[in-house]
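Trainee: Work out the full structure, taking the sequences as your base and the hints as a guide.
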Amino acid sequence: MALLEIRNVTRRFGDFVAVDDVSFAVNAGEFFTLLGPSGCGKTTLLRMIAGFDLPDDGAIVLDGVDLKDTPPEKRPIHTVFQSYALFPHMTVAQNIAFPLKMAGRSESEIRAKVQESLEQVKLAEKAGQFPHELSGGQKQRVALARGLVNRPRLLLLDEPLGALDAKLREQMQFELIRLQREVGVTFVFVTHAQSEALALSHRIAVMNKGRIEQMDEPARIYGNPRNRFVADFIGNVNMHEATVKSVEDGRVKLALGGLGEVTAPAREGARAGQSGVFVIRPEQVSIRAVADAVADPNQFDGTVNDFLYIGDVTTYLVDLQDGTRLEALLANSAPGRARFFEVGDRVRLSWKAEAGAFLDS
Amino acid sequence: MTRWLVSGPPFLFLLVFFLVPSLIMVAASFRYPGEFGALAPILGAAPGEDAGLTAENYQVFFSDSIYAQIFLKSFGVAALTTLVCLVLAYPVALLIARSPKRHRDLMVLLCVLPFASNFLVRVYAWMIILGPFDLLFSRFAVIVGMVYVHLPFMILPLYTNLEKHDPTLLDAAQDLGANAWDRFWRVTFPLSLPGIFSGSALVFIPVLGMFAIPEILGGKDDWLVGNLIKESFLGTRDWPFGSMLSIMLTVAVLAIAGLATWLAQKGMSRA
Numbered sequence: 001m002a003l004l005e006i007r008n009v010t011r012r013f014g015d016f017v018a019v020d021d022v023s024f025a026v027n028a029g030e031f032f033t034l035l036g037p038s039g040c041g042k043t044t045l046l047r048m049i050a051g052f053d054l055p056d057d058g059a060i061v062l063d064g065v066d067l068k069d070t071p072p073e074k075r076p077i078h079t080v081f082q083s084y085a086l087f088p089h090m091t092v093a094q095n096i097a098f099p100l101k102m103a104g105r106s107e108s109e110i111r112a113k114v115q116e117s118l119e120q121v122k123l124a125e126k127a128g129q130f131p132h133e134l135s136g137g138q139k140q141r142v143a144l145a146r147g148l149v150n151r152p153r154l155l156l157l158d159e160p161l162g163a164l165d166a167k168l169r170e171q172m173q174f175e176l177i178r179l180q181r182e183v184g185v186t187f188v189f190v191t192h193a194q195s196e197a198l199a200l201s202h203r204i205a206v207m208n209k210g211r212i213e214q215m216d217e218p219a220r221i222y223g224n225p226r227n228r229f230v231a232d233f234i235g236n237v238n239m240h241e242a243t244v245k246s247v248e249d250g251r252v253k254l255a256l257g258g259l260g261e262v263t264a265p266a267r268e269g270a271r272a273g274q275s276g277v278f279v280i281r282p283e284q285v286s287i288r289a290v291a292d293a294v295a296d297p298n299q300f301d302g303t304v305n306d307f308l309y310i311g312d313v314t315t316y317l318v319d320l321q322d323g324t325r326l327e328a329l330l331a332n333s334a335p336g337r338a339r340f341f342e343v344g345d346r347v348r349l350s351w352k353a354e355a356g357a358f359l360d361s
Numbered sequence: 362m363t364r365w366l367v368s369g370p371p372f373l374f375l376l377v378f379f380l381v382p383s384l385i386m387v388a389a390s391f392r393y394p395g396e397f398g399a400l401a402p403i404l405g406a407a408p409g410e411d412a413g414l415t416a417e418n419y420q421v422f423f424s425d426s427i428y429a430q431i432f433l434k435s436f437g438v439a440a441l442t443t444l445v446c447l448v449l450a451y452p453v454a455l456l457i458a459r460s461p462k463r464h465r466d467l468m469v470l471l472c473v474l475p476f477a478s479n480f481l482v483r484v485y486a487w488m489i490i491l492g493p494f495d496l497l498f499s500r501f502a503v504i505v506g507m508v509y510v511h512l513p514f515m516i517l518p519l520y521t522n523l524e525k526h527d528p529t530l531l532d533a534a535q536d537l538g539a540n541a542w543d544r545f546w547r548v549t550f551p552l553s554l555p556g557i558f559s560g561s562a563l564v565f566i567p568v569l570g571m572f573a574i575p576e577i578l579g580g581k582d583d584w585l586v587g588n589l590i591k592e593s594f595l596g597t598r599d600w601p602f603g604s605m606l607s608i609m610l611t612v613a614v615l616a617i618a619g620l621a622t623w624l625a626q627k628g629m630s631r632a
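Going down the list, the sequences are from chains A and B.
Sequential numbering of the first sequence, starting at 1, is according to the numbering used here.
Sequential numbering of the second sequence, starting at 362, is according to the numbering used here.
It should be emphasised that the hints constitute simulated quantities derived from the structure, not laboratory data.
Only a predicted model underlies this, so the values are computations on that prediction, with no experimental measurement involved.
There's no promise every hint is true.
Said to hold, decoys possible - Here are the computed distance ranges between Cβ atoms for each label pair: (1) E133/A with P567/B: 35 to 43 Å; (2) V387/B with E119/A: 58 to 66 Å; (3) F550/B with H132/A: 13 to 21 Å; (4) G369/B with G136/A: 38 to 46 Å.
Glycine included, C-beta positions come from ideal geometry on N, C-alpha and C.
Mentor: Pasting the structure below:
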């Protein structure tokens, strides 16, 4: 049985529907992420799970029990707030002890658990310090320790990495994965950062305008976006208007603007005459010198318009004959072997028939 | 040079308006009263007149326990007034701080509105209110008057403090299992201690020197140290004795403040 079930939950604020008939289930031990742009309803949903807000319709069920009559303090659900919300008048140890105290644990048990928890987040030597004496990353770890120390059934994380700088954020991502594996508590993570969601989650629900657009494992969300919104929101993507010319053998032939014909994998229900978009990730597009022969069915010549050298990879912007612009990614992993192209170089872009996708919504 | 420009003016201000007057007061407390009140000259006194410096005023203070009694009574009244103010002001300050932002200014204005009418008029009003109940000229009437006049001085610092609290902290406390009482007692209250301290100081110290309210509402039998000082300067015109009482009051307040700070620090390092 699922640990947490969201059943047809709707929440309106006046005329605005913040959460629109959302349903999903989270399994015990899972790292589940709600991903979406700001205003998509993910935080409203989180507040309803924590108990600070109630759904207008639908039910939030934990361990088979509807939580509608359970106030936040009685729910076995803890939250790590975006601002950490550490108690400024308490030391690190007192902060972590707070939920244990509220649960009426004995003095000796509290001491042992706080110590264990401090060691788990590698802050044993900071026990007596106050929050204002800690760095951002340390505060973050105290907030996590405080949320986990009493082993809630569910830990909610509201954009917990948002306030950290890039380097620290990556460290904390590894830390989060390790911590979740160690304590085995189910995490529901809310973020607008797609890279965080992909890196951390077992499953992701992509939200937009109060609805779930797609819910799946990270690799499937990235590799098989169900619609335009998901394709565009997750990662970089080339997206161009296209019409289906024919469907055969699990492939569709697409008319792509003025460019010509493109072959792509067919989805269920694809039929000739449909219009939509053709999407392909930049790393699926190969870039070569025009002279090099390739076997890929999709190949087009163009001119390098610009490029971004990022270090590990270079992103090329290539203008094709009809003006269509495609992004192609070239890994710089093999020095000497990876080709560098200059602005104005004639290049050949190509991709395999099984790359890319046609999306009709 | 820049440092002097910044710290100079306040330093000068304190020197001229605080330190020098205090020293004049200390000096006055060691002198004799003049023939027609005020201070006797230090040199060149008329024959038969006391001149020079004397510790007589302090001797009188310590030889008669009535002064210590009045001091103790005054501190008791001030402490009780402060406590009642705190208990009454806290819910009001909390209510204002948690009201929608657009209502707060109006509510604060309503709290200080009584200041728009004259102090004496407001105190006399209590005579009219308390008179029919036969409560006038009692310690109770004095406390009522003191609390009424000083309540805003407790509400405002408390409100200023409570308004700055991060509401997320209360969400976090509730999320981690704290009920309404625990949220108040373990989060709101400890975070409001600075507001409680400044409000208490703003009530306690003026109440200690207040003479008008005890005189109007307390009657002749219930004198506080403020009445004693006022009487020394304006009644018997014994300035040195009044100065001595003021100095003793200042010393007592500083001693209490020092003790409170010491206790607070001790409590802090233990926690």
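Trainee: Is the distance from the Cβ of V387/B to the Cβ of E119/A consistent with 58 to 66 Å?
Mentor: 60 Å, holds
Trainee: I want to verify a distance hint. Is the separation of the beta carbons of F550/B and H132/A within 13 to 21 Å?
Mentor: Holds, at about 20 Å.
Trainee: Given a hinted range of 38 to 46 Å, is it respected by the beta-carbon distance of G369/B and G136/A?
Mentor: Cβ of G369/B to Cβ of G136/A: about 40 Å, so the range 38 to 46 Å holds.
Trainee: Please check whether E133/A and P567/B have a Cβ separation lying inside 35 to 43 Å.
Mentor: 37 Å, holds
Violated hints for the displayed structure: none, as all numbered hints are satisfied.
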